[in-house]
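Each chain, written out:
2 protein chains.
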Amino acid sequence: MSNPGRLASFYSELQASRLDVGLPLPSVLKNSFNVVDGPPSSAAGNPDEIAKLFPNLFGQPSAMLVPGDSSGALSSNQSLKIGVVLSGGQAPGGHNVICGIFDYLQERTKGSTLYGFRGGPAGIMNCKYVELTTDFIYPYRNQGGFDMICSGRDKIETPEQFKQAEETAQKLNLDGLVVIGGDDSNTNACLLAENFRAKNLKTRVIGCPKTIDGDLKCKEVPTSFGFDTACKVYAEMIGNVMIDARSTGKYYHFVRLMGRAASHIALECALQTHPNITIIGEEVAAKKLTLKNVTDYITDVICKRAELGFNYGVILVPEGLIDFIPEVQQLIAELNEILAHDVVDEEGNWKKKLRSQSHQLFEFLPQAIQEQLLLERDPHGNVQVAKIETEKMLIQMVEAELENRRSKGLYNKEFKGQHHFFGYEGRCGLPSNFDSNYCYALGYAAGVLLHSGKTGLISSVGNLGAPVEKWTVGGTALTSLMDVERRHGKFKPVIKKAMVELQGAPFKKFESLRDDWALKNRYFSPGPLQFTGKTANETNYTLMLELGAQA
Amino acid sequence: MSNPGRLASFYSELQASRLDVGLPLPSVLKNSFNVVDGPPSSAAGNPDEIAKLFPNLFGQPSAMLVPGDSSGALSSNQSLKIGVVLSGGQAPGGHNVICGIFDYLQERTKGSTLYGFRGGPAGIMNCKYVELTTDFIYPYRNQGGFDMICSGRDKIETPEQFKQAEETAQKLNLDGLVVIGGDDSNTNACLLAENFRAKNLKTRVIGCPKTIDGDLKCKEVPTSFGFDTACKVYAEMIGNVMIDARSTGKYYHFVRLMGRAASHIALECALQTHPNITIIGEEVAAKKLTLKNVTDYITDVICKRAELGFNYGVILVPEGLIDFIPEVQQLIAELNEILAHDVVDEEGNWKKKLRSQSHQLFEFLPQAIQEQLLLERDPHGNVQVAKIETEKMLIQMVEAELENRRSKGLYNKEFKGQHHFFGYEGRCGLPSNFDSNYCYALGYAAGVLLHSGKTGLISSVGNLGAPVEKWTVGGTALTSLMDVERRHGKFKPVIKKAMVELQGAPFKKFESLRDDWALKNRYFSPGPLQFTGKTANETNYTLMLELGAQA
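Residue numbers (UniProt numbering), protein chains in the order written: chain G, 1 to 551; chain L, 1 to 551.
Calculated from the structure, these hints are not laboratory results.
All values derive from a computational prediction rather than experimental measurement.
Treat each hint with caution, since some may be false.
Identical copies carry no separate label here, and so any pair may be met within one copy or between two of them.
As the list claims (entries may be wrong) - Pairs of lysine-lysine, BS3-like flavour, derived with a Cα cap of 27 Å: (1) Lys416 to Lys392; (2) Lys163 to Lys490; (3) Lys413 to Lys387; (4) Lys392 to Lys250; (5) Lys416 to Lys387; (6) Lys509 to Lys534; (7) Lys416 to Lys155; (8) Lys155 to Lys413; (9) Lys155 to Lys250; (10) Lys128 to Lys304.
Next comes chain G alone, as it looks inside the complex (with noise of 0.2 Å):
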């Protein structure tokens, strides 16, 4: 793979304007500081088997900077090399992540190195990277995207893998490396940081927490870098469509979103743009609800809006929807089945091996549904969840339903879906003020925890609610963030997804305004991402009110 380089006379005014501001550093960092531990930490789950796989790292402490006098002050004559790692999908905000670190290290330590690897943890096993100064980083400063050093989705798990990567620890002398990445990585980043101080080598492992999906969180770490632009180019777009729905007033729009294990962005648009539907995954698991159930729910309020004189309206729908259905789960578990097995014949016999229940979902799904799973496999030979495109399933599925309540003259109207899928659009956006300054934070904090000795650590910035000079910086133990889970007969760490919580206070808020949103039109449109005037340094309403019901 190649990367061309990005030269700023290519930049449009606004990327160029977005060089040289300046970002905000919370006060701790700007003065002397001292990093203090905390108590011992122990797991989210399963302590003994935690403990037992990062026996060198289970029970260590989370670290906190405070202000000291320069007596405890990292001595800055130590000259550091680090490298520095983008694991997994974009998130705006990654390159400035890049930017605290290779500040903190020209501002606080003397001749030190820092090493982008490329392409993610491949980079890391194949000892590609570049070295990274001042000019070539400068073109990337608050810019969205991670073509910087490219990402990569690799891991670094067998033990061939580990030794490559302690040999580039050894080739180029690593003292630290920073893993920006979400869940996955950041569990990746653990088990490295183990692995090196198992084999007593000095290279420090530090994680950062990434992912516009949001659902890499937990008290220490409020909020995943990416989710608060990509919510906020989404919102756009649903905002805007949201005046056409009302303008034209004779489409629904359904709007699939981007986050595949949780529905925090759905949730967060909705909270942003106030859709006459969101259908939040995690609600769907927790009451049982089927496809039909689903479908009802919107029909419903299809007919409703039809009495009130509204042939319009705008649905929201998590990417990861149908992952949430049992009942979907279940068909396609039997459906891999039997299509590993048995031929499929034209008339259809080869159903009957299908238990009822799926088999009356099945004949319950659109015709073009039933095809693609039958018809588009992976290359294992099972079906692609990943390809159904819900937002286009749903729309059938309601017209189905229209058309039946029309046969029992329930309904009389016209109904026309129109269906979008967001999400490309979103993970390379311009990063918005808060994603530029709490990236900022977070890569100038990795760099104190390395220097200071720490590994196994996620970087953590909190009180987030209050201006960036009172911001916490600390970092978290990643152990503390664990569980297992039994894969193949093995217990494997996993940091478990941070799922949208029934009782959290961002899906009561949306919980309490959904009816008065699905009737009423309170359609709220944000308008495109604005970096000066006085929104600009507003953050989401998920972070917000979670911050707010912590208190």
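Chain L: place on chain G using the hints.
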């Protein structure tokens, strides 16, 4: 269709901040002016036929406002009753046209009334209207959408419908009517003007140029409103997708852009973002390219990029692409014929009825598209060309061609296509400063033209490359934009759509750069539309290049 009306209390900060932004007027409108007639006009084509169709209006001069002493000023004691209607698809800025008319009437006439016809031309025919007041209009100032009075696609065509329009004009004692619409709606406006004059009604009719597609323009009307904002919204998203493509390094993004008849939007977005490939429908038609030619062109670039190490890219496709391909038109005509009369047998014997070239093309199409062509028909039994997702079709055809080349050892990389359609997201965006100002001037000018007794003109604001103060203001005879088309044996007047000119400056600019963009990565990401700052008042490339080319 109900319209609950907007409440500024449900506005986002950005929407609210736009409400009170003062709109600059061309200086000629700020002082005393005279309305000066130009020379007699002709028609864009077939003037004899146009003269027959518009006996009362043909040949009338265009009007131009020039600074004058107050002796020639229009009487501010005259109170006018004016109607306004939004016709056709949404375009950002429509509300400001209405505000411009309203403010003109408030400021320059005494006791005038402005009626907004609801839901498009149907509102005229059914006399459904609302009296527009300061308070009613306020929440829509500088806001996107058409929901102040909503729009519709009905036409006033039959003698009965003209009669209905007359009745409304008489009932409301209308002095004038402003029709805000595209080419068809302005043609309709001119027919209405002719009809009112023929019937000796006092109601005069003025048109305003609206369409995001950018295909309603001429020397006197340099651009249609909405094009600027819509392209900027799409360009934001394309720019984001580009950074994603470069960061991920493994996807080709195929982006279909709204704009059915002409490819102005695709061309403008290309000039704003520098994608690797942009297909311009007018070029495809002029060069009589086949679908295979287009596929080969895309595949060639993909293969060349693979050699350079780039297995990613961004490709723009105009919504109306397949309408530009003669062989596709032929195939569809034959399919319509066959499907109307014959049985489509499973064995495919029906295909023998296709001409050889059409048969070949049909077999060349991906299976999903073949099925779509056979299954999805409109109420008249015709193939629904508009429903074909061209971006998906191209991905599948490119995949097939790459497999073909792979089998010959000419390509050995991985190709992954991602498809996007950007349309509804841009039609109702918050209007750019340019569209806000341009629309306000168009509306103000329409007020002047009606006040001075003009009819059958389209509001014309020119010199748009200069600051607003220096813009020129006038009206152009709608008949001068017209030609005739023969439909059902009768001559019909039409304003010919302004297509992308292959000799025009915007296309020439694109042509001179596209090879560079194809292989190098010159991606340009404009970012979200800003309303303050350096670039906030810039307009679009198409307009600027066309203005430069005319100079």
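Reference check for the pair Lys509 and Lys534, CA-CA at most 27 Å: within, between, both, or neither? Intra 24 Å, inter 39 Å, cutoff 27 Å: intra-copy only.
Is it within a copy, between copies, both, or neither that the alpha carbon of Lys416 lies no farther than 27 Å from that of Lys387? both (23 Å within a copy, 13 Å between copies)
Using 27 Å as the alpha carbon limit, work out where Lys392 and Lys250 are close: within a copy, between copies, both or neither. Both: 17 Å inside a copy, 26 Å across copies.
Is it within, between, both or neither when you check Lys128 against Lys304 at 27 Å Cα-Cα? between (59 Å within a copy, 25 Å between copies)
Tell me, please, which holds for Lys416 and Lys392 at an alpha-carbon limit of 27 Å: within, between, both or neither? Close inside one copy (12 Å) and across copies (21 Å); limit 27 Å.
With 27 Å as the alpha-carbon cut-off, assign the pair Lys163 and Lys490 to within, between, both or neither. within (21 Å within a copy, 81 Å between copies)
Copy assignment of Lys155 with Lys413, given that the CA separation must stay at most 27 Å: between (53 Å within a copy, 22 Å between copies)
Within, between, both or neither: how does the pair Lys155, Lys250 come out at a Cα-Cα threshold of 27 Å? between (48 Å within a copy, 18 Å between copies)
Using 27 Å as the alpha-carbon threshold, which applies to Lys413 and Lys387: within, between, both, or neither? Cα proximity of Lys413 and Lys387: across copies only (22 Å, versus 31 Å in one copy).
Evaluate Lys416 and Lys155 at a C-alpha cut-off of 27 Å and name the case that applies: within, between, both or neither. Classified as between; 21 Å across copies, 44 Å inside a copy.
Violated hints: none; the structure is consistent with every hint.
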